[in-house]
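2 protein chains.
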Amino acid sequence: MEFMDGTWKKEINTWEELVGNNLLNQEAVIEGAVHSIRNMGDVAFIILRRREGLFQTVYENEMANVSIHELKEAMTIRVKGILHEEERAPHGRELRIRHIDILSTPAEPLPMAIDKWKLNTSLEAKLNYRPISLRNIQERSKFKIQEALTKAFRDYLYGQGFTEIHTPKIGARGAEGGANLFKFSYFHKPAVLAQSPQFYKQMMVGVFDRVFETGPVFRAEKHNTKRHLNEYTSLDFEMGYIDSFEEIMAMETGFLQYAMNLLKTEYAKEVQILKLDIPDVSKIPAVRFDVAKELVSQKYNRKIRNPFDLEPEEEALIGQYFKEEYGSDFVFVTHYPSKKRPFYAMDDPEDARFTLSFDLLFKGLEITTGGQRIHDYNMLVQKIEDRGMTQEGMEQYLDTFKHGMPPHGGLGIGLERLTMQLIGEENVRETCLFPRDMNRLEP
Amino acid sequence: MEFMDGTWKKEINTWEELVGNNLLNQEAVIEGAVHSIRNMGDVAFIILRRREGLFQTVYENEMANVSIHELKEAMTIRVKGILHEEERAPHGRELRIRHIDILSTPAEPLPMAIDKWKLNTSLEAKLNYRPISLRNIQERSKFKIQEALTKAFRDYLYGQGFTEIHTPKIGARGAEGGANLFKFSYFHKPAVLAQSPQFYKQMMVGVFDRVFETGPVFRAEKHNTKRHLNEYTSLDFEMGYIDSFEEIMAMETGFLQYAMNLLKTEYAKEVQILKLDIPDVSKIPAVRFDVAKELVSQKYNRKIRNPFDLEPEEEALIGQYFKEEYGSDFVFVTHYPSKKRPFYAMDDPEDARFTLSFDLLFKGLEITTGGQRIHDYNMLVQKIEDRGMTQEGMEQYLDTFKHGMPPHGGLGIGLERLTMQLIGEENVRETCLFPRDMNRLEP
Chain A
1 MEFMDGTWKK
11 EINTWEELVG
21 NNLLNQEAVI
31 EGAVHSIRNM
41 GDVAFIILRR
51 REGLFQTVYE
61 NEMANVSIHE
71 LKEAMTIRVK
81 GILHEEERAP
91 HGRELRIRHI
101 DILSTPAEPL
111 PMAIDKWKLN
121 TSLEAKLNYR
131 PISLRNIQER
141 SKFKIQEALT
151 KAFRDYLYGQ
161 GFTEIHTPKI
171 GARGAEGGAN
181 LFKFSYFHKP
191 AVLAQSPQFY
201 KQMMVGVFDR
211 VFETGPVFRA
221 EKHNTKRHLN
231 EYTSLDFEMG
241 YIDSFEEIMA
251 METGFLQYAM
261 NLLKTEYAKE
271 VQILKLDIPD
281 VSKIPAVRFD
291 VAKELVSQKY
301 NRKIRNPFDL
311 EPEEEALIGQ
321 YFKEEYGSDF
331 VFVTHYPSKK
341 RPFYAMDDPE
351 DARFTLSFDL
361 LFKGLEITTG
371 GQRIHDYNML
381 VQKIEDRGMT
391 QEGMEQYLDT
401 FKHGMPPHGG
411 LGIGLERLTM
421 QLIGEENVRE
431 TCLFPRDMNR
441 LEP
Chain B
1 MEFMDGTWKK
11 EINTWEELVG
21 NNLLNQEAVI
31 EGAVHSIRNM
41 GDVAFIILRR
51 REGLFQTVYE
61 NEMANVSIHE
71 LKEAMTIRVK
81 GILHEEERAP
91 HGRELRIRHI
101 DILSTPAEPL
111 PMAIDKWKLN
121 TSLEAKLNYR
131 PISLRNIQER
141 SKFKIQEALT
151 KAFRDYLYGQ
161 GFTEIHTPKI
171 GARGAEGGAN
181 LFKFSYFHKP
191 AVLAQSPQFY
201 KQMMVGVFDR
211 VFETGPVFRA
221 EKHNTKRHLN
231 EYTSLDFEMG
241 YIDSFEEIMA
251 METGFLQYAM
261 NLLKTEYAKE
271 VQILKLDIPD
281 VSKIPAVRFD
291 VAKELVSQKY
301 NRKIRNPFDL
311 EPEEEALIGQ
321 YFKEEYGSDF
331 VFVTHYPSKK
341 RPFYAMDDPE
351 DARFTLSFDL
361 LFKGLEITTG
371 GQRIHDYNML
381 VQKIEDRGMT
391 QEGMEQYLDT
401 FKHGMPPHGG
411 LGIGLERLTM
421 QLIGEENVRE
431 TCLFPRDMNR
441 LEP
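From first to last, the protein sequence lines stand for chains A and B.
Numbered according to the numbering used here, the first sequence spans residues 1 to 443.
Numbered according to the numbering used here, the second sequence spans residues 1 to 443.
These aren't lab readings, by the way, just hints derived from the structure by calculation.
Take the hints with a grain of salt, since some may be wrong.
The list treats identical chains as one, so a pair stands whether inside a single copy or across any two.
Straight-line C-alpha distance at most 25 Å; calculated SDA-like pairs for lysine to any residue [said to hold, decoys possible]:
(1) K402 <-> M112
(2) K9 <-> A250
(3) K402 <-> A125
(4) K402 <-> A107
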């Protein structure tokens with residue numbers, strides 16, 4: 001009987017061995033995709049792409065078993081050779097080839113030159129050829145940054161006593177009401193795709209006190225802007241026993257500090273590839289919604305048209321204001337008008353026209369919406385009634401409150417938007433692996 | 001201007017302080033939900049439920065500001081008192097109450113007694129009252145075990161050089177073909193919910209070499225069994241540059257070893273609450289599909305009806321065989337028949353009726369399907385043609401192979417099934433927070 005014991009002996013060298021000193025001037029083996037071939041006549045430089053980065057191998061005619069003319073870009077190969085120090089090569093190393101095994105061969109040449117440092121092609125082309133364009137080193141690095149943000153979110157919250165949950169994406173009704181829902185038939189019953197895990201994460205606060213989820217959400221919004229996706233990844237948390245809605249903002253600030261530190265340490269390679277400036281999040285200003293409008297109106301000489309709404313241009317100016325006045329890329333805008341928030345938002349007891357809620361703006365773009373929720377059953381029922389809404393389909397959600405819930409609140413962060421602003425992209429599609437918008441359902 | 005600096009001063013004591021020695025015989029403050037009240041006349045024991053566990057507080061008539069008759073189960077309260085050593089209390093501590101702040105009050109009594117150690121109620125009732133039934137300590141512990149498995153999957157794979165990806169759940173077509181797909185209209189275009197991230201994770205192997213995703217998958221299967229859900233969480237990975245499909249099995253074994261160790265250490269509390277036996281995964285037997293059928297047929301005197309199919313009873317018997325003969329709860333069954341695997345499965349070059357693939361059985365139930373995939377464009381196109389399938393809707397997937405892909409393979413693990421078998425549940429709905437089946441769309 002054969003047994004798997006969890007180990008596997010690879011006959012290739014690790015990246016650490018290749019860029020380290022122990023194997024210098026000795027035989028080494030590497031595998032990778034042929035990223036580019038520069039044929040100089042007597043020698044050719046074959047750059048291999050691996051998950052860790054690019055590695056230079058050198059082809060000298062008389063030494064190898066395969067003719068240089070047989071080698072093509074996008075082949076995957078295993079190369080045996082002698083490891084040399086070479087200042088001009090990436091990581092100061094090159095492998096002088098003795099033997100090549102071809103692992104796979106492409107059927108056609110690449111449709112775009114991915115080996116350029118910056119991929120000079122339209123967003124449309126990038127998205128149409130996503131599996132190819134992401135082979136570009138800069139392009140793929142964006143998604144390592146995105147990974148870091150997700151990882152930081154989870155690891156920080158685990159450390160703060162949160163429990164990870166998985167809530168259903170198929171449901172009978174949406175958390176935000178009837179608009180913007182993708183609808184379909186679920187075994188002959190009407191069903192929708194979840195706009196957010198809002199109801200479920202609240203229900204789970206009664207069980208675990210603090211919960212988070214990182215998963216997809218679906219919005220059938222007919223927006224076709226640079227900031228909207230119809231499916232995106234939401235970083236959600238919800239926490240009970242809060243003293244104030246500001247405790248939620250403190251938790252988000254803690255996450256951002258943890259994330260920026262993770263980027264500087266474990267993801268330093270990608271930060272360098274993308275030449276990112278990591279923003280200072282040691283302290284983030286918080287300003288009331290009405291005050292922010294006033295400040296911007298005065299400084300930029302802009303008339304306040306509607307005191308209960310915030311236009312995208314105003315959002316951008318608030319971002320600009322806090323950058324100029326306080327040097328901060330981030331600003332919490334608090335106390336949003338009640339009309340602009342869902343029924344479950346907790347109104348400010350001091351002025352019920354406003355809520356104990358906030359948005360977090362990053363370089364003038366909303367990346368988070370959060371706040372305290374109503375935890376009292378009767379207050380919640382009253383609010384539903386006041387809004388002329390029906391309780392239908394919310395029975396189990398409401399039952400949760402009927403049977404006791406602590407004061408609580410939470411937030412949702414748009415992962416692609418956070419990544420976009422951090423990297424300085426103009427279009428959120430740049431920071432989504434396979435974006436879904438009104439016109440794009442493939443690849 | 002106010003600033004958030006990522007810290008928040010809580011006026012309550014941490015769990016570590018409460019169960020430690022430094023605060024003994026001193027004033028301490030705790031918050032929690034009233035899990036149960038045992039009124040003995042002169043004193044009452046009020047057990048608080050927090051995310052960390054249960055904590056005993058003692059109500060003595062003359063000392064507190066709130067009458068015992070005002071207190072109810074499912075209230076949330078903040079309690080100030082004196083911390084005492086008390087052997088018979090959980091964690092050897094109790095808080096003698098001086099002052100109570102009521103944070104929230106339920107509108108109605110609980111519909112079930114959640115304070116019993118084992119929740120004695122039907123699965124149906126548990127699911128109908130999910131936000132309440134999960135407040136039971138045993139019930140919620142199941143989902144901490146599930147969290148541990150997800151966390152272990154990610155952390156182990158990060159350590160093995162994998163990149164986390166987020167792939168779309170809305171698409172133009174499914175990876176496994178037309179059956180079992182939830183269909184809907186996406187801005188007037190026909191769309192489906194993803195059955196698996198299969199195509200996307202393969203495409204991303206060409207970019208990151210090794211990728212994983214933990215996310216929902218959707219199957220419109222008309223099964224109503226104890227083992228099937230119509231939406232579940234899939235732990236997926238895909239890895240390039242494999243030497244053999246057995247390397248994938250080695251990676252899964254490594255994950256399981258990491259997970260079992262994490263359970264024994266960081267999740268020891270929940271392991272103890274559920275009285276789990278952590279299975280030995282130091283080595284997992286691997287047996288060919290045809291050999292496994294033969295072994296079971298001989299030992300249990302069972303006729304082989306169809307040499308190219310495995311019935312659920314046969315699966316269970318294979319599990320039993322390897323438990324009896326090798327003491328293993330797990331067994332890899334390899335070389336599944338080609339007819340039973342999707343078109344992208346790599347056939348065994350030595351016998352094309354079988355594939356370089358495997359299932360992992362855990363106590364006789366399939367929890368993983370994996371294997372090597374076809375990486376050569378022409379071979380893939382041929383296989384599609386041989387099966388009489390169309391390339392329509394697979395253009396970008398196929399383009400990926402046209403432009404070069406390394407040898408690769410991967411797997412998908414059903415998170416709820418893995419949790420179910422580990423805990424020893426009979427029904428997979430027990431280990432899904434909010435299960436979706438043919439009859440259940442709520443809560």
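Okay, the hints, checked on the actual structure:
1. In this homomeric assembly, K402 and M112 come within 25 Å of each other (Cα to Cα) only across copies, at 13 Å, whereas the closest approach inside a single copy is 59 Å.
2. Taking CA atoms no more than 25 Å apart as the test, K9 paired with A250 passes between copies only; the shortest distance there is 10 Å, against 47 Å inside one copy.
3. Taking the shortest alpha-carbon separations for K402 and A125, only the inter-copy value of 17 Å comes in at or below 25 Å, while the best intra-copy value is 53 Å.
4. For the identical chains of this complex, K402 and A107 are inter-copy neighbours only, at 5 Å across copies versus 63 Å inside a copy, given an alpha-carbon limit of 25 Å.
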